[in-house]
Amino acid sequence: MPFAIPKETYNGKINSVTVGKDANTVSLGGISTYPFLGFEGQSQASIPIALEVWNSAPLDWPLALNELYGDVYADPVKWALTCQDKYKADMIALRLASTHPDQGDTSPEDAAQVVKQVLEAIEVPLIILGANHIEKDAEVLKACAEAASGYNCLIGKAQEKNYKTIAAAAMAYGHYVLALSNLDINLAKQLNILLTQMGVKEERIVMDTMSSSLGYGLEYSYSVMERVRMAALKQNDTMVQMPIISDVGIEAWKAKESKVDEAAWGDTHARGILWEATTAVGLLMSGSDALIMRHPEALKQVRKTVADLTSVEG
Amino acid sequence: MALTGIQIYKHLPKTNCKECGFPTCLAFAMKLSQKQVELEKCPYVSDDAKALLVEESAPPIRKVVIGTGEKLLEVGEETVLFRHEKTFVHPPGITLLVEDTLGTDELQKRVKQAQAASFERVGQQLCLGLIMVQNISKDKDKFVQTIDVTQQNTDLPLVLASSDAAIMEAALEKTAGLKPLIYAATEDNYEAMAALAKKHACPLAVCHSGGLDKLTELADKVVGQGVNDLVLDPGIHSLGTTVAYLTQIRRAALKKSAKGLGFPVMVFAGPQGVDAQQEVLRAGVYIMKYAAVIVLRSAENWQLLPLFTLKQNIYTDPQQPLQVEENVYKIGEPDENSPILITTNFSLTYFIVAGEIENSKMPAWLVIADVEGMSVLTAWAADKFNADKIAKVVNTCGIKEQARNRNLILPGAVAVLYGEVAELLPEWKVMVGPREASNLPKFMKEQSV
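Residue numbers (the working numbering), protein chains in the order written: chain A, 1 to 314; chain B, 315 to 763.
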């Protein structure tokens, strides 16, 4: 008796979201299977990966990253161009870190100015990220949304306590909303409902269900994303059918295993890159559709793995 | 899948004779489904029903044991496709491959390094599971000698790999009683390999790279030879194809739709041409996607640390969070005047708080209270992280001897406990820290000025 391939039947599909302008667009999502199971439906053909750029020199990035970007830290435009041209990022994720009240408290106008300069210089789509401060992010992203009018950026992260201002600005200037929820499928769904009730179209939302680093809660992010995908694809719950983007670099490079010299752990440089890449692959295998990363070598390794995952023999 | 009481009840005599010690057949069936009583207690159950119930209640994926003694590796017995549905049970054996064509010095070096590769993480010791010795030379003496040298340098269980049954026989005599995994029965040699597995009571790998049809068929044939402890190898393919195979095998096994697939699966993460980083990332994918034995060609510590950590993450029981031991932990190199913080023993809470203290670049003492692995707020709500507990831990953990200052920082989430803690610890100056750990660096800097 020949072996009957046990296939899952799916009832839903992940929205396809296309960010960027003119010929320089990138699509997220659009799949109808659990991660990389091309034998039973439309699975990922590729995974868009953004490299992270700050509007100010980061003080807490490790040596492995300072070596690469130290020369361009002072100039976000050069930094973004380095990521686009030299390291072939699919997108740039501009984190407006210095707007945080504890990290410089720079003004929304300053941030908007940087956004404008970066957009004029780069071709790939831009993700505009606040500094993860509820009140300040709302102010900053509002100003940046206006400055980026017409560029179809992904902006966020909108959270339960500040989504109104951010979503309104995104709608007014034609952007996509990046919605952040805290490791809980119900909270993720609720935020999407709130956003759609405000008038944001379902296909203009991208979710971040909270990424965690390898060794520091990865399993929680992993299982939440698996559950989100089950609800989206099996139960056809339209309120969780948004593509997921994972903020990998910021988490992975916080882990001491990625940066501390410790003889028993082996080569620090290679280990750091692998820590970020392994975190990324973990999140991809549980449902992520796009990534924000820091190290270009980690990006390259993840791309190789994705290429290998998407290559299925006849 | 385990049967429900009702499903079992259908196959019982339904006479309520009480001879099993339970008032009704249904009550007995309920106990059976909870595995609290043996079917043997029923004197009247028919042989057919017995066979059926034994078959039905057999684990969908057979447990296979490789090796003996303290480091034996148990694989199989998995019951779910997604870890949140219950848990993944037996973490895979990460395996280092060594070939019998290596020189003795290089072999010794690699095996010693593999044996020593061990990391402690959240109370668990993470290390390699197996060493696979591969007969490339086609030379019996060389293979046996390589096994000999390997055994002298490790107590990890072995996988013996040779396609030649005569060479395998010599190797098995060398490892008598140690239950290595025999690799592998193929279309060409399965009868001879099955005979060896039977004779030496060893688990046997079954390899067919021609698709799951062929693999099931071959596994069935090997079972037909009387060998039941199998490990399946679907052969070397692209990562995408291997993931598809692993997924299909797990699904078929759980549904019991293909008998020949109810076994643990082994895969090779590093076929020729795959670089050292890709080997780890592939192995990582295999950890997440159901492999039970994962073979690596290179096993440097910078590769193993992320891999072992991933294994620990994925195989953590979602119902039983990892816990840190109750103790005083040094963050950086604190001295007797360094700040003292307290939090709970949920591993994530510990990691996040410890990480933020590190970010502050100020050495500190972190006191961890055992509250059964709950986060601060949950433990407070459950009345586990209360003033009595905090006072008791502070008094008994040894911080009083290690630090001279008496400033204790409470998590901001339990600010309400401030008064009571201050009362119970009169010699301490109790302070309330930030609600979110991410604000700790700022808080600690402000405190130090």
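Check before you lean on any hint, since a few could be wrong.
Examples of chain A residues lying across from chain B (beta carbon under 7 Å, computed) [what the hints assert, rightly or not]:
id : residue
1  : Gln117
2  : Met171
3  : Tyr173
4  : Leu183
5  : Leu187
6  : Gln190
7  : Lys304
8  : Thr310
For the record, the hints were derived by calculation from the structure and aren't laboratory data.
Ideal Cβ positions, reconstructed from N, Cα and C, are used throughout, including at glycine.
Against the structure, the hints come out as follows:
no. : hint   : in the structure
1   : Gln117 : 29 Å, violated
2   : Met171 : 30 Å, violated
3   : Tyr173 : 30 Å, violated
4   : Leu183 : 10 Å, violated
5   : Leu187 : 16 Å, violated
6   : Gln190 : 19 Å, violated
7   : Lys304 : 6 Å, holds
8   : Thr310 : 6 Å, holds
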